[in-house]
Structure formats: structure tokens, C-alpha cells
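Participant: Sequence:
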Amino acid sequence: MGAVPSTPRKNALPQDPAEYLIGAFVGDKSFPLSSDFWDGLLELPISLQWPHHRVRQACEIFAQNNNHTRHLAKIIIHLVRCLQESMTTSAGPSLVHMKAVHAAYLASIFLKYLIENFKDNSFEELYLSLDEGETVPENFPEDQNTANFVMHGVLSFIGMSDVSSHTYLLHHELLNFMLVAMSTQLCYAPSLGPKVVHPFLDAAIIQETSLAGLVVHKLLLNYITCPYFPLNGGSYSIFSGGSQLGVLQKVGSAAANFVLLPFSYFVSSNGEGSRSPLAESSLVVLLILIHYRKYNMVDESLLDKSEDDATMDSLLKDSSYFSENPYCKALENARDIELDHMDVEGNAHNEPFMRLPFASLFDTLGLHLADESSILLLYSLVHGNSDFLEYVLVRTDLDTLVMPILETLYYASRRTSNQIYMLLIILLILSQDSSFNASIHKLVLPSVPWYQERLLHHVSLGSLMVIILIRTVKYNLSKMRDVYLHTNCLATLANMAPHVHRLSAYASQRLISLFDMLSRKYTKLAELRNDKMLMNKANSIDGGNITEDVSTELHIYTDFLRIVLEILNAILSYSLPRNPEVVYAIMHRQEVFQPYKNHPRFNELLENIYTVLDFFNSRMDAQSMDGEWSVEKVLQVIIINCRSWRGEGIKMFNQLRFTYEQENHPEEFFIPYVWQLVLSHSGFNFNPSAINLFPVDMLIEEQEALTVEETEGPNW
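In case it helps, numbering that gives the first Met the number 0 puts the sequence shown at residues 0 to 715.
Heads up, some of the hints might be wrong.
Listed next, the in silico EDC-like pairs over lysine to aspartate or glutamate satisfying Cα-Cα at most 16 Å (straight line) [as the list claims (entries may be wrong)]:
| no. | residue 1 | residue 2 |
| --- | --- | --- |
| 1 | Lys-293 | Glu-666 |
| 2 | Lys-328 | Asp-386 |
| 3 | Lys-523 | Asp-548 |
| 4 | Lys-596 | Glu-606 |
| 5 | Lys-520 | Asp-481 |
| 6 | Lys-632 | Glu-580 |
| 7 | Lys-473 | Glu-452 |
| 8 | Lys-520 | Asp-558 |
| 9 | Lys-650 | Glu-606 |
| 10 | Lys-531 | Asp-558 |
| 11 | Lys-632 | Asp-620 |
| 12 | Lys-28 | Glu-137 |
I should point out that these hints are in silico values taken from the structure, not numbers from a laboratory.
Source: prediction; values computed, not measured.
Generate coordinates for the entire structure from the input sequences, incorporating the hints supplied.
Facilitator: Okay, structure coming up:
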């Protein structure tokens with residue numbers, strides 16, 4: 000490296016052992032696993048500082064020589080040896096802990112460089128196999144799979160070792176190592192299918208179910224407890240150096256901030272951080288593990304070999320199947336620590352499951368839903384774990400989760416589209432349960448301080464949810480124009496409709512305004528389609544594609560209008576006496592329904608609305624009144640006549656009920672999304688030119704969205 004020899008001189012040691020040993024590590028001489036060199040390297044005192052260009056040069060030299068020396072495979076094997084030994088040592092700081100930290104740190108630096116600089120994304124360039132004459136550890140896999148050996152060792156330590164002041168740093172470095180090792184996903188598109196190989200991730204997926212359960216349990220406990228241990232004089236004395244950065248820290252920071260630097264957490268001015276780095280790392284590693292999908296290959300001889308490569312890849316993917324993901328399974332089978340091992344009928348669960356404190360998990364999620372990673376974890380739990388979903392639904396303080404979701408949606412213009420989608424899907428899943436829909440209208444909020452358009456006092460959580468969902472539709476209509484987002488908002492409102500109870504005046508007004516807003520969009524599209532058809536006919540131009548696009552959009556908005564009418568019908572059919580404000584809002588804006596009275600898609604639904612209008616209008620006409628009508632007087636008449644409403648003439652329709660279903664290949668969305676979160680929020684950087692998992696400009700847009708000042712008001 001620079002002026003430092005890349006291999007040690009015979010019978011002599013340089014004055015600086017760090018320069019000598021690291022130079023030898025990246026050099027062209029291969030040191031066997033049994034060499035004392037490895038103990039010397041991993042026992043280095045941290046005192047040297049390197050400039051960026053020397054770090055880069057060290058990585059380049061290492062990449063040239065690793066195919067011969069196999070030093071990457073050897074240092075990660077030594078990492079596992081140190082981990083195995085550290086699990087048998089008594090509590091307290093030890094040399095073996097330090098050696099494991101060094102091994103994980105050095106391996107991460109050089110492994111990351113190799114992954115970023117693959118030629119043709121060939122992971123064979125890692126050279127993880129050992130030479131035939133190399134003596135391997137006793138418990139080394141028979142198939143000589145170094146990745147499997149390493150992942151088993153790292154995962155075993157994470158899952159089985161407690162986090163304490165003595166092991167905190169090692170746990171954090173191992174999670175950093177896992178992030179680096181799993182970053183091979185960044186080099187491939189998510190839809191390439193069975194031919195893609197990720198050495199370390201594939202090794203993690205084949206670990207035994209019991210180990211996967213321990214890992215998921217520990218990562219979730221780290222997330223819940225947010226462990227944090229400040230550095231003190233007695234612990235990690237090798238790291239104490241005042242303001243001087245050690246060699247490994249300098250290597251890490253110079254190497255493009257490859258991970259969150261561990262030592263920096265112990266030297267902050269106040270000794271505390273706003274959030275535990277270990278908790279954040281645990282969460283992103285968990286998300287990567289649970290959303291990974293490994294294809295199992297089919298017999299290629301059954302496929303038509305005459306097809307081109309792209310078609311063959313598609314056929315392979317379509318005819319392949321996923322291996323079971325034990326981490327995803329462990330999350331799905333998690334049970335509340337407060338419940339008995341037997342279910343209510345006394346039958347034992349057939350699936351293995353782990354115990355989690357659902358109450359603490361619920362509270363932690365509620366505190367951190369401003370973080371996209373926590374949102375994705377909440378989605379994974381409510382979608383995949385029926386026990387956790389049931390636990391959420393029976394909580395009496397649903398505002399703990401729902402209020403942060405609604406506040407985030409309120410500031411939708413500052414959020415990424417994926418974040419908005421996840422939040423809306425979570426609300427849709429919750430709204431599939433009738434008890435949730437009933438509970439949110441019973442929970443009254445004293446105030447909503449973040450809602451700026453007007454003061455909201457003593458409004459129900461259900462009314463606020465209606466207001467925010469309609470506001471999100473309005474935002475989408477003006478900014479994003481995403482049909483999927485519209486559909487999710489309206490589906491959730493439709494699920495809520497039969498259970499609406501005492502909807503507030505403002506929420507009721509917004510509901511009618513929603514119909515008016517969509518109807519104006521519908522009218523514009525209808526006029527545009529007619530104009531296009533007349534223009535094409537007059538000029539004898541074949542504008543079929545343009546007209547067809549407009550007609551398709553018109554059809555979509557026809558469906559949207561019908562859903563809103565069905566929402567109103569459900570409220571009027573099932574809970575009119577409990578919603579006088581909805582009746583008032585319909586009467587106040589009854590002219591918006593007139594243009595659609597004879598529309599073939601809407602006429603049946605509008606008959607019910609006009610039945611209600613006729614009933615209450617006649618009661619108003621029959622009311623003798625001194626002076627002019629006021630809002631209060633009209634509402635009072637409505638409330639009185641709600642008591643005598645019997646629903647005569649109302650035609651009952653089947654209740655709309657929308658459910659959420661994942662796409663057939665969810666990995667094509669979730670894997671890129673998880674890695675965008677890792678790169679945007681965790682401090683993990685990766686060479687943009689090596690990223691093929693998603694367009695790099697998507698990451699730039701997400702990072703720009705994070706720079707918006709939270710003090711600004713909504714711009715819509």
C-alpha cells in the first residue's frame with residue numbers, strides 16, 4: 000500500500016506493526032489459516048490513520064491478490080472462530096471479543112469493495128473456497144461452503160448471545176457485516192429469477208428453522224428495547240483514544256462511509272443518541288431477511304430451448320417456485336408472550352413459534368411510525384401475523400398506531416409514494432375488521448394539533464380518518480394521479496361505511512365534496528372524449544388510441560363515483576339515525592347528485608339518496624318556522640326526524656367489502672424498497688454505478704424528499 004510493502008520482509012518487522020500486518024493482508028503472500036499472522040492482525044492496537052487514497056489503494060491491491068491468497072475467506076473463517084470462542088467465555092471484556100470486532104470490520108471493508116466492483120456480477124470473484132491443501136476447522140461444512148459456515152456462525156452469535164455493554168459493539172459490527180454481505184442484491188434486477196445467486200443470503204435462507212427463529216426474536220427485541228451502552232473507561236480500553244480516530248475507523252470512514260461507524264456512537268458530546276444504532280441496524284437486517292425470496296430451479300430440459308434468453312428467463316421464473324423463508328415464517332408465527340402455549344380450544348399450535356411482548360412491540364411501533372422502516376415492519380406484521388393483527392384490533396388505544404399514520408398521510412407531499420402506499424395498505428387491512436371500524440368512532444380525540452386547515456376538537460378517530468383519506472384522494476388527484484392510491488383510499492372508506500357512528504360535520508362535508516370533486520373530473524373526461532371523437536370524425540383521423548385512453552380513464556372514474564355513492568348508501572342504510580350530519584351534508588349539497596340521476600351506473604344508488612332527501616325535505620317543508628332557517632335549526636329538525644326514520648323505500652345492497660392481497664411476485668416491489676430504505680436512512684452507502692436493483696434516480700428522489708423542512712405547512 001503506497002510506500003508500505005505489500006508483503007512482510009523476511010526476518011524483519013517494520014516499526015509500525017499495523018502498517019506491516021494490513022499490508023501483508025492485502026498483499027500477494029497467502030497465509031494459511033493456522034498461521035500466527037491472523038492473531039497478530041486481529042490483535043492490532045488501533046492507532047493508525049489512513050488517508051482516502053491509501054484505503055482505496057489497499058482495496059484495489061486486495062482485489063488483485065484475493066484470488067490467490069483467499070484472504071477474504073480466511074478472515075471470515077477466523078471471524079466465526081472468534082465468535083464461537085466468545086460464546087464460551089465468561090461475561091466481561093475479552094481479547095476474543097476484540098478480535099471478532101476487528102475481523103468483522105476488516106471483512107466488511109474489503110468485501111464491500113469486491114461486491115461493488117464485480118465484473119459481470121460474477122460472485123465467483125469473491126473466491127470464498129479454500130485451496131485443497133488448506134486445513135479447515137473441524138465443524139466446517141462438508142461441501143466446503145464458506146458462506147454457509149460464516150452465516151451460520153454470525154447468525155448463531157446474534158441469536159444466542161445477549162446484548163450487553165461488553166457485546167454491544169460486536170453485535171453492531173456483525174449486523175454491519177451482514178448488510179455488506181447481503182448487498183449483492185443491489186447488483187441485480189429483482190426479477191431475474193432462478194439464475195441469480197446471492198452467496199450469503201442464500202446461505203442464510205437454508206439455516207435451520209430454530210436458528211432463524213432465534214435471530215428474528217433477537218432482532219425484534221433489539222428494535223423494541225433500543226439497547227445503548229456508552230463507552231466508559233473500563234470497557235473497550237483499546238478504543239479509547241480521545242479525539243484520535245483509530246485505523247479501522249479511519250479505513251471505514253474513508254471508504255465512502257460504508258456503514259454507520261460504530262465507534263462514533265461512543266464519543267458523542269452528550270453520551271446519548273436519539274435512537275439506538277443497534278436497533279436501527281437490527282430492523283433493516285430483519286427486513287432484508289424476511290423479504291428475500293429464493294427461487295428453486297425447475298428442470299430446464301422441460302423448457303423450449305429455442306426461445307431467446309429473455310423469454311427463457313421469464314419461463315424459468317414463471318415455472319419456478321420459492322423456497323420457504325424461515326425468517327418470514329418465524330415472524331408470521333410469533334405469539335404474544337402474555338398468552339398461554341395453548342390456544343383457546345386447548346389445542347397446541349402445530350407450527351413452531353417464538354414469544355414476543357406484543358404490548359411493547361405495539362408501543363414501539365407507535366413511537367417510530369415516522370420512520371419508513373418501522374412502517375414496513377408494521378405492514379409485515381399485520382399482513383403476515385394473524386395473532387399480532389388480532390392483538391392490534393382488540394387494543395382500546397388504537398390511536399397509538401392510527402394517529403401517526405394519519406399524521407404522516409397529512410404531510411403526504413413530503414413523503415415518498417411507497418411510504419404512502421404502505422400506510423394506506425395498513426389502514427385497508429385494519430378496516431377489513433368490523434370491530435376496528437366500530438372502535439375508531441368511539442375513540443374521541445380532544446384535539447388534533449397537527450391539522451392546520453381548521454381546529455378539530457373532540458373529533459372521533461373515525462371522523463379524522465375519513466377526513467385524512469379524502470384529503471389524500473384530493474392530493475393524489477392534483478399531484479400523483481395514481482389509480483392504485485385512489486382505489487386504496489376509497490376501499491378503506493367503503494369498509495368503514497356501514498359502521499360509521501356520529502360522523503362529524505366537517506367529515507360529512509368532505510364526503511360530499513369528494514363526490515363533487517370526482518364528478519368534476521368525470522365531467523372533464525367525458526367532454527374530452529366527446530371532443531376527441533368529433534375531431535377525429537371531422538378530420539378522418541384515426542385517433543383510436545388517444546380516445547381509448549380517455550375512455551379507460553373515464554371508466555375508472557365512473558367506478559370511483561359509484562364507490563362513493565355506495566359509501567353514502569351504506570351509511571344511510573345501516574346507520575342513518577346515528578349520522579344526522581351526513582344527512583345535513585347531503586341536503587346542503589343535493590344539487591351535485593342531479594346530473595347523475597338517470598345515469599345507468601348510478602340510478603339505483605341515487606334512488607336511495609333521493610328517498611332520504613324526499614323524506615327530510617318534506618319534514619322541513621312541514622315545519623312552521625319563524626324567521627330564516629339557520630344551520631342549527633335545520634340540523635335540529637334532522638335530528639328530531641332521524642328518530643322516526645324507518646328506512647321505508649330504501650333498497651338494500653350488498654355491503655362493499657374490500658380486502659388486500661399481495662401480488663404474485665411481491666419481491667419485485669419489496670426487495671428494491673427495502674434497499675432504498677437501507678441506502679436512504681441507515682448510513683450505508685454503495686457505489687451508484689454498481690446498482691441495478693432499481694434506477695439510481697429513485698434513490699436520489701427519496702433522499703431529496705427527506706430534506707424537506709418539517710416546519711413548512713402543507714402545499715396542497
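Participant: Please go over all the hints and tell whether each is borne out by the structure.
Facilitator: Hints and how they fare:
Of the supplied pair hints, the one linking Lys-293 and Glu-666 holds, its CA atoms being roughly 10 Å apart against a limit of 16 Å. With a C-alpha separation of about 13 Å, the suggested pair Lys-328 and Asp-386 falls inside the 16 Å cut-off, and the hint holds. At roughly 14 Å between alpha-carbon atoms, Lys-523 and Asp-548 fall within 16 Å of each other, so this suggested pair holds. At most 16 Å may separate the alpha-carbon atoms for a hinted pair to count; Lys-596 and Glu-606 meet this at roughly 8 Å.
Only pairs whose Cα atoms come within 16 Å are accepted, and Lys-520 paired with Asp-481 is accepted, the gap being roughly 14 Å. The suggested pairing of Lys-632 with Glu-580 holds, with an alpha-carbon distance near 13 Å, which does not exceed 16 Å. For the hint pairing Lys-473 with Glu-452, the CA-to-CA distance comes to about 14 Å; that is within 16 Å, so the pair holds. Between Lys-520 and Asp-558, the direct Cα distance comes to roughly 12 Å. Compliance with the 16 Å bound is thereby established for this hinted pair.
Between Lys-650 and Glu-606 the alpha-carbon distance is near 8 Å, which keeps this suggested pair within the 16 Å criterion. Only pairs whose Cα atoms come within 16 Å are accepted, and Lys-531 paired with Asp-558 is rejected, the gap being roughly 22 Å. Proposed proximity of Lys-632 and Asp-620 is supported: the alpha carbons are some 13 Å apart, at most 16 Å. Between Lys-28 and Glu-137 the alpha-carbon distance is near 25 Å, which puts this suggested pair outside the 16 Å criterion.
Of the numbered hints listed earlier, those contradicted by the structure are 10, 12.
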